[in-house]
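Engineer: Fit chain to chain and form the complex, with the hints in mind.
Listed here are the chains, written in short residue letters.
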Amino acid sequence: MKKGLIIGLLVAAVAFGAGTYFGRSGKQEMTISSSTQGASYAGGFKAEGVAVKPGDAIRSVAGPAPTNVVVVKDGESIQAAIKAAPKGTIVRVMPGTYHETVYVDKDDIRIIGVIEAGRRAVLDGEKKLNDAILYSGNNFVAENLEIRNYKGNGIMGQAGNNFEIRNNVIVDSGVYGIFPQLGQNGIVEHNVVSKIADAAIYIGMSDNILVAHNDVFDSVAGIEIENSRHAIVEHNYVHNNTGGLLAFVTPGLPIKDTVDVIFRNNFVVGNNHPNFGAPGSTVSGIPAGTGILVMAADDVVIEGNIISDNKVSGIIITDHANAQNITADPESEPNSDRVKILDNVMLRNGYDTITEAKALMLAEGKVGAKNLDIVRVGPSPGSCIINRHQYVTVGVSDFTECDFTNTAATVNYLLPPVPPREIKPGERGKVVYLGICTGCHTYNGRMIGPPVQVIQALYLDNPQGLADYIAKPAKKRDDYPEMPPQDYLDPQTRLAVAQYMLQVTN
Amino acid sequence: MIRALVLLIAAIGTAGATGPAPPDFTLNTSCPPGFEKTQAGVCELRTLYQFYDSLENRGLGGTRTALPPHRDGFTPRQIDLGRYLFFDPVLSGDGTLACASCHDPARGLSDGRPRSLGIHGEDAGRAAPTLWNVAFLKRFFWDARAHSLEAQASGPLYSPREMGNTPTRLLASLNGNATYRRLFQEAFPSHRGPIAEQEIFTALAAFQTSLVSLNSRYDRYVHGYDAALSEREIEGLNVFRSFVARCSECHTPPLFTNEQIAVIGMPEPKGHAFDVGAEAILHSPKLKGAFKVPTLRNITRTAPYSHSGAFADLRSVVDFYNKGRGNAVPKDMHLYLHWHISDPKLTDTEVDRIVDFLGALTDETFLPQTPARVPSGLAPAKRGE
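For the protein sequence lines, the chains are A and B, in the order given. If you number the first sequence the way our numbering does, the last residue is 506 and the count never jumps. If you number the second sequence the way our numbering does, the last residue is 891 and the count never jumps.
One chain only, chain B, in its complex shape (with noise of 0.2 Å):
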């Protein structure tokens, strides 16, 4: 139903090409929300966390600690035409499916799915991570199989059972769209002849990097101000910090993420087959089962949980750590669990607070705009449930 809807407005969209005059895409010159417009024209990152300094440049720690480095420099034009593309169904085999899809601006940037659905409504096996602060990020994909944003972008274009497109058919489906060719031309001025692969990489990253989080009631109590955060959540905080939950031992602030892979040992939903996670990349054994550890920015935006949506909500998740190592690994299955999963045996009443912590960690101020049209006469996509 939804599928034929989306064909309908497809044709709609093609048709109306012939007819009126297309709408006149034209691309921001403003950086987005949070970045300063240099002299040489590029959009850079400010932030009161690039006041602190952080052992060894490496952007981890306590409260005040620098970020780790980033991503910037991109030109507002190859920022906004990211935007456009990312919303763009065009960019899927069958023209239903857009970045947007699964990384929902509505949804934290998820979809709220357990796991993804790819074009022709299979499941895709994992759950889509949050896009919140991908620019600080350096691995990709919860095994971290990719080690920049451009070279993860292929990964679900041209899965089957994701996007389904072909870099061929991506190619011809952009180039033979006037305003696509006129727009690339001036978010990459300098380059000559078709569309190139790279170009639809880089313009997807450079909107990424745009997707910033470091605004919440936490980043607040950070910067000094003491009352950003309740008596609960500061008791929360605690209990995430103690040795006891370790929680910020892998989820380290500023990031929550130390983006380093883990074996946590979770359970699959049922019916879902173990999923060996880094072992299938790295070769290592000694990895089977783990997975990059994911951030909590905007964390109460993203349910369900876990790579393959294991857990419905946070209280679920943090019972699960703290029902000791190993609760859930399958039976005759030998898992080298991380040495900080441990048998922390909080109470009922620090479960909850870490859970009212977590809920602090929320600030989607810098939520892109969805675009009302699109450049290929697709309707910007949505699952739209």
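Pulled out of the complex, with its shape left as it was, chain A reads as follows (with noise of 0.2 Å):
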């Protein structure tokens, strides 16, 4: 279980040795670009309208602070705090120690830890709880916070779009991290996560997506971009995992790909950690000594990173058919299609390498190498590096010469904050009317309840009065059962669908 990822190899090293062996005479001629000439990559997601300056860019997501704040002092409850707040507050969390599982369902709330002389507020989950916090709203931010002893995830979000978590501390919290998932507009930076049981850092099935400064060690997988689009890492230093940076497809979730990924100036170091992902997910797979892991994922372009004493790998490029613990996926392009090296400083990677990749080198002819900084294996058509001769690789011949050397234009990928849709009264009431009301009322025929005509008839120039009574309806009439009350519309809403039930001709 723990070597199948790429058990593989031992079939594709016979197909690579033979092809090296007749293709091949003597060294391949070398090509000597200089990164900070050159042409920068002009791929990647591109915002609609005018292109982002660097000067200009973008790094926040979760639009202008709210004015609103509550203050939380050690004893007390966050999540009272948080439903009792309304959207757009700032809940100020004074250090402490604090054992609770946090939920988050509204839009614009801040979660802000107080940093006193050293000390935070910590939320421990005493290996009993399962998750510190969960969000799904928009534009949640997560400042400041220590995080221990969860069993699930430290933070994870459910489709909050223009999130922010940064500053935390995150120490031993179950299976991920951080957990962005279904999002779009994101930034994770400068948290220091460690002794996560799968990826300390998992942006999974997310757009547009910023991971910068942030210090992630011993834990299975340092960070990993899954099944996500437009995602920048860097500036990230990622030592003493089993696998460093990672991105992925993996099958049979319902989104399929894995696109636009650039891996630049990170530190990836020693990433030898045994690995002690919980058998059948899908890292328990990478070998130990991974330094960067592509897996099905397209445009990846791996750039400026220091990656150093990985032992299997520095760099380690694979499809699904070379990964065996894990399941099918029709649905999903099995190869890491379009991958982009550009220079980066490898040292000491592959010093104890697998059996396969051994096997591998020997089919190549590269007899003796003390060292291993790139492996390919599977097909992955449309790659490109640049400056090959500096590394020792296996399985990257047929990779072109890229027609850049840079990723400097590309600033980052993330969008200014996504302004909350206007909803017109008129039309938030037609859509209730038509989505409850009608459950029970017709126009002009008898259902559960009254017909509309009817409803008209008694309050046709009383919108107010019909809000009032949806809200806290009485029992009117013998021949029909009592309305349940509408309550949990807010008051602008009942009196929209009023005025509206008002109106309709049918």
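It is worth saying that the hints were derived from the structure and are not from the lab. Ideal Cβ placement from N, Cα and C applies to all residues, glycine included. Careful: at least some of the hints might be erroneous.
Stated by the list, open to error - Computed, partial: chain B to chain A, Cβ under 7 Å: (1) Ala630; (2) Asn744; (3) Trp845.
Structural biologist: Right under this line is the structure:
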């Protein structure tokens, strides 16, 4: 199980070996490029509208900070404060220890820890609680917290957009440290995450993401970009994990591809931690000693990283066919297409690599190599590399020369905060009427409740009266059941639906 | 006994056609609840979820997430004609079963059985899935072998283990019925000639797209009313979506399914052979035992559970997941279990809370009306226990 991920190497080795043996006699000609000269990467995500200049780079996506502030002190409940807070609230959490699962199902909530002389607000799950923070609201911010001893995740997002997760310390908190899922437009930066049983930072099925300046270590996977698009992972220190940086397509998920990921300017150092991933998890197949792993992801750019002391290989590029421990997905394209490897500093990688990789090297005639920087198995069409001569490689001989040398023109893939959709009261009234009221009322016929025509006659000039009635109905008619209260609609919506109901004509 | 009764009624119905004037069937010109009749005269769904967005427009995510793209835009007459067809046993080979026999409005649009029964009372092999919210689905059947409601319809209609009809007999019986000829003409005014199979499928699809359930207490919570869920249900929601239990990873809101096919390794009922599921359709051994993730909306209404009804109640299902990865995989069989199938070690209380939460997903306000009579004159089908 543990080394299932690239077990297919041996078969691949024969094919590579044959091609190498017959196809090449001497050394390949060197093509030397300078990454400070030359073209910049022109692929990748382009926001609609005006191009972003480096100076204008967006570093905040959650919109203007709310003015409403509440303070939670040691001994109080963060969740109680969030429950009571209207959307658009900063919840300041004072230093202390909090044993709770915090969930946020409304927009514009910011949980900001206050650090006093190094003392943080600590969420401690005591290995009993599942997740520290679950959010599904948009414009969510979590800062300055310390999270320990949860069983599920440190911070997990479910479809919240415009999120910022920064300056948190997360230790030994279950499966993922930071896990935004199904969200768009988010920043994960300046977090220190360690001892996580799967990925310390896991971007799952999300778009337009920046992961920067994080320190991640002692976990199975450092930073994982999975079934996501338009992600930049830069300036992170990723050390002593089983695998450092991962760009994956995992099968069996509803979003099927990973496209457009830039790994740049990271330290990917000594990721040799024994694999302690749960049996059956995708990461349990990662060989300990993997710097960067690309599996079935497309358009991954690897640039400017210092990749050193990863004992199996600095970079592994593979596909689904060579990953034996994962399920099939006929809708996922299984290959890592168009990988682009630019200048990286690679030192002392592959010094204790796996048997299969050794066999591959042998087959390519790389006898006596003490190191291995890059290994590729499985098809990887359209891939390119510059200055390949500087690395010890296997399986990249058919990579072309990239027609660019850097990604300087790509600042990040973030978007301005997506503004909430403006809903006119009339539109809301109509939708509530059709979506809810028509379950019991028709225009002119008897259903569960009286016909709309009858209601119109009663409340013709009195929409407020009708709005008040539906919030707190009383039994009016012997021959109809009592109406259930509609007080879950806010007063504005109740009035809008009353107004709409009083003017429908069929 | 039941069958004899049905046949008796059928006989009376047929006899009645020559006697007193046949009942005058008319098609509704108003849209079903939840739908707006547009200027063009078609029915379009309206729901509060349309005010939200979703990543890649996939309709998957958390609370205030848009629904996936859906089918609508049928005329009220097409929908109502579909309703008559749906409840009319004339669609089966021997006039004893209607769609509604196994998708019964009184049983969560399913049939309350572990596996459905065909026209001769035989085991149809798999459980009848609920039809709630099928307008949003892209795949049909437990093994996901059909990709539209129209394509799905021919499955049960013509399966000898289910409704046992043939295209020829189906068209002959409908075209032999003056009421149906008139109603199809009204529902498909531009069509000339005899009733065609495609129109039958269209009308059935039109009706099924009206089976929408999005007004549960959970939905009220989503739309901003915190008190719609009890404390226990909120605790359950938080376990449900936690990464320890991982329920919502596949039963993803707002539909509570991500429509993927997944190998879960559920047991078969005693004496029931192992069902390879989607492997047989997609010819992929890694998908042995894979089934489509079912919705959990109205789940309390559709016991027993699983593709073959192995679980009598919801708690047993949650217990199964909690017993750990592969706990029911037959010996000597290797299954590629989905990676989300883990070993969650939930407490008994947490399991109870999940079950509590699932009860908040019930909403049947848009339940369709069973017609008092159907054009064939047969008794609008119920299996009638």
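Engineer: If a hint holds in the structure, say so; if it does not, say that too.
Structural biologist: Now for the hints, and whether the structure bears them out:
{"no.": "1", "hint": "Ala630", "in the structure": "violated (26 Å)"}
{"no.": "2", "hint": "Asn744", "in the structure": "holds (6 Å)"}
{"no.": "3", "hint": "Trp845", "in the structure": "holds (5 Å)"}
Hint violations for this structure: number 1 only, all remaining hints satisfied.
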